Amino acid sequence: MLTSSVAAPVRNICRAKLPVLKTGMTLLQDGDLSKGSAFTKEERDRLNLRGLLPYKVFTKDEQAARIRRQFELMPTPLLKYIFLANEREKNSQSFWRFLFTHPPEETMPVLYTPTVGEACQKWATHRQSYRGIYITPEDSGKIKDILRNYPRQDIRCIVVTDAGRILGLGDLGASGLGIPVGKLMLYTLCGQVNPYYTLPIQLDVGTDRKEILNDPLYEGWRHPRLRGDEHLKFVSEFVEAVKEVYGATCLIQWEDFEMETAFRLLDHFRWRCNCFNDDIEGTAAVTAAAVACAPRIRGVKPLWEQKIIFIGAGSAATGIANLIVDMAQSQSKLPREQLLKNIIMFDSKGMVTADRKDLYPFNKPFQHKMHRYESVLEACQKWGATGIIGVSGCPGLITKEIVEQLCKNTERPIVFALSNPTIKAECTAEQAYKWSNEKALFCSGSPFPDYVAKSGKTLVPSQANNSWIFPAVGFALVATRARHCPSKVFEVAALSLAKLTTKEDLERSALLPPMNLIREKARDIALDVAKYLYDNELATEPIPPHMTLAEFLESQRFNPSGEYEHVY
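Counting in my numbering, the sequence shown tops out at residue 1651, every number present.
Each hint should be verified, as a subset may be incorrect.
Unchecked claim - EDC-like mimics (lysine to aspartate or glutamate), calculated; alpha carbons at most 20 Å apart, straight line: (1) 1326 / 1128; (2) 1447 / 1430; (3) 1316 / 1221.
The set of hints was computed from the structure by calculation and includes no laboratory data.
All values reported here derive from a predicted model rather than from experimental measurement.
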């Protein structure tokens, strides 16, 4: 493991204090520097703030309590989102204090899915922030200059999108910046990545949607969407600019690119920079963690004996399936070719088989030379499936007949309905439990209410939320200043998450921990990932000799309840 030979103070990415040079109204208008009503009487005199603020000096906790009261008064999720965006722009320190003292399961749906989708759709009329960077193909040759225009230059974590496939909304052109903004807030809320070292970026490469291009309020580059080699060339210039301006270890997370583009970028840049794709790898890891946890329950077959049908054959399905196969191979030492045969996929045109010519390259490992079943139900009956994973975006595709057949094939079937939001889930938790006589191990992409069994016992549907994975992985990559992020990182993260599910969770048929523990559990996942990075010589940040790895990581975590970030 990489250690420093000199017992010097740790260079802390979260508590390195910076002098504040602004005063007066200029200081109050800088949301990253202003303390708002928390400025003391002495600071108000010294910084020319007397009379610019109401009389009372508030504590951090009082500021957070006021935000909480106003937040709870907002009647809709979108208004809550807009309110929080405004609060962040006014005083980011009290904003983060509020989030860290409020239950994460209550604020996460407002900061990110499902609310952020509506916010992006209405970005032209509801945009609250200039936080972030827009880059268009016309900026080619000037991307480094654009990055240097951003007011903060110690950037260590970027989430970037070209808005080609925003959630389930498709191509949103230049209206996708809300996704990286929201994603990075979860990096901080769940993983404790310092928000002052993060940067959301929109690659505005045009749009093919006429209604967007014809909107007089549309702010984007009014051209058809850039694709193919020209798109790759543009993104390559962006990556090289990031490495030069912010350093080779700056993390780049690809977000909401079109499916084929997402795989292409991940394959092309995997070993050219420090990057990953959460849509492919984060989704895979949290789902694989739930599947890997299932054999801890009596009556569930080991991972390498599971036969799983996927409804949907896109990037999410392929990412999940590949990681399940990787984990099964690590556990069983069986040949990969043999384990691939334990996965079959269906898309809108039927079963994925070797004779089909209309599939993507990433589908190839799952194009089997076997009998082509005409329906999912027939495959369950004749192939003997033990689990089903829905990632189709189409509600109702996991039927009563399918679940009943799974129960004939195995004692405790895996039934995952992962499509978001809940109205698009392939089945509900209640349906899965009722149809299986309460034997199904259910997991969903969006939250479902608990289910009271006939015995009176409460069954808890697990939520396969990517936030279990990407904030912890992101924190480890940033804190260790990793050079690259190999796919093995997500197997490590998935196994780490799987072991965090307690015996009490399993007794309630829950395959993942409860969401209110997400920040606490992220620490354990980040520790396992960081250990892997150091053990495999991917980390470049030395650990001081007087610290353990856990102590070093703890010193790097953002904590808004501590001292202020700046010297006033």
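Against the structure, the hints:
1. 1326 / 1128: violated, 42 Å
2. 1447 / 1430: holds, 14 Å
3. 1316 / 1221: holds, 13 Å
Against the hints set out earlier in the document, a violation occurs for number 1 only.
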